[in-house]
Amino acid sequence: MKVLYFAWVRQRIGLGHEMVNPPDGVATVAALVEWLRARGPGYAEAFRDTRAIRCAVNQEYVEPDHPVAVGDEVAFFPPVTGG
Amino acid sequence: MAVRVQEQDFDLGAELAALTAGNHGVGGLGVFVGLVRDVAGAASVAGMTLEHYPGMTERQLETIEAEARSRWPLEATLIVHRVGRLEPGDNIVLVACASAHRQAALDATAFLIDWLKTKAPFWKLEETPDGANWVDARESDDAAAARWSR
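Chains A and B, in that order, are what the protein sequence lines are.
Here this note's numbering is used: the first residue of the first sequence is 582, the next is one more, and so on.
Here this note's numbering is used: the first residue of the second sequence is 4, the next is one more, and so on.
None of these hints come from the bench; they were simulated from the model.
Hints may be right or wrong, so weigh each one.
[As the list claims (entries may be wrong)] Simulated crosslink set (SDA-like; lysine to any residue; CA at most 20 Å straight-line): (1) A:583 with B:110; (2) B:122 with B:48; (3) B:122 with A:660; (4) B:122 with A:640; (5) A:583 with A:597; (6) B:122 with A:643; (7) B:122 with B:137; (8) A:583 with A:599; (9) A:583 with A:614; (10) B:122 with A:633; (11) B:122 with A:636; (12) B:122 with A:642; (13) A:583 with A:648.
These numbers were taken from a predicted model, which means no experiment stands behind them.
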């Protein structure tokens with residue numbers, strides 16, 4: 582599974598993207614966040630307030646209960662500020 | 004019908020001329036150009052860096068553009084958004100809609116920029132005297148986008 586981070590999520594984690602291999606029980610975005618949060622202090626800081634983070638799976642916006650699976654592209658980022 | 008994300012500046016006159024070239028059914032052109040300001044609240048801004056999500060950004064812009072074309076009778080549309088480091092006065096974004104009549108052109112242009120601001124994955128990092136700050140999303144932008152919901 583490819584995970585991407587943008588803006589301050591990327592800065593706090595210290596990576597723009599990475600390949601991860603979560604255990605089988607990690608089947609939703611919310612579960613993936615919980616699993617990522619335990620990977621280190623940068624992750625814990627980035628995911629401290631999940632209300633401040635948006636998620637996309639395969640480049641479409643999704644809610645925390647959306648499923649994730651092997652081969653998905655999952656992105657985490659703050660609310661957008663373009664234009 | 005065209006969506007572009009690019010580092011380089013755009014030439015407003017050339018972009019608009021190309022948009023309507025050869026189409027004499029166009030009676031009106033709605034245009035919005037977003038520029039970098041030199042202030043953010045009380046702080047001065049020396050520049051900003053625009054980050055985006057390559058791939059998803061283009062998909063979102065194409066989805067937004069298709070939505071506009073389903074709502075209004077448009078002859079042509081254009082969205083150009085810059086990324087990378089920009090300075091006060093620089094162009095950030097161009098949205099243009101061509102239609103037979105002004106109301107559709109103006110409304111579709113407002114719709115596109117309002118939706119772009121809340122849906123397209125871009126983020127602004129502003130340079131202020133206190134350091135670099137990620138711009139927070141604004142509730143007023145959500146409200147502006149919500150007025151087009153139906």
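Comparing the hints with the structure gives:
1. For the hint linking residue 583 of chain A to residue 110 of chain B, the alpha-carbon distance of about 39 Å lies beyond 20 Å, and the restraint is violated.
2. A threshold of 20 Å between alpha carbons decides the hint, and for residue 122 of chain B with residue 48 of chain B the separation of about 25 Å lies outside it, so the pair is violated.
3. For the hint linking residue 122 of chain B to residue 660 of chain A, the alpha-carbon distance of about 9 Å falls within 20 Å, and the restraint holds.
4. Restraint check for residue 122 of chain B and residue 640 of chain A: satisfied, since their Cα atoms lie roughly 12 Å apart, inside the 20 Å limit.
5. Between residue 583 of chain A and residue 597 of chain A the CA atoms are separated by roughly 11 Å; this keeps the pair inside 20 Å, and the hint holds.
6. At most 20 Å may separate the alpha-carbon atoms for a hinted pair to count; residue 122 of chain B and residue 643 of chain A meet this at roughly 12 Å.
7. This hinted pair checks out: residue 122 of chain B and residue 137 of chain B have alpha carbons roughly 17 Å apart, not beyond 20 Å.
8. Taken as a hint, the residue 583 of chain A and residue 599 of chain A pair is honoured in the structure, with Cα atoms around 6 Å apart against an allowance of 20 Å.
9. At most 20 Å may separate the alpha-carbon atoms for a hinted pair to count; residue 583 of chain A and residue 614 of chain A meet this at roughly 14 Å.
10. Between residue 122 of chain B and residue 633 of chain A the alpha-carbon distance is near 15 Å, which keeps this suggested pair within the 20 Å criterion.
11. Annotation: proposed proximity of residue 122 of chain B to residue 636 of chain A holds, straight-line Cα distance about 12 Å (limit 20 Å).
12. Note on residue 122 of chain B and residue 642 of chain A: the hinted pairing holds, with a Cα-Cα distance of about 9 Å set against a maximum of 20 Å.
13. At roughly 14 Å between alpha-carbon atoms, residue 583 of chain A and residue 648 of chain A fall within 20 Å of each other, so this suggested pair holds.
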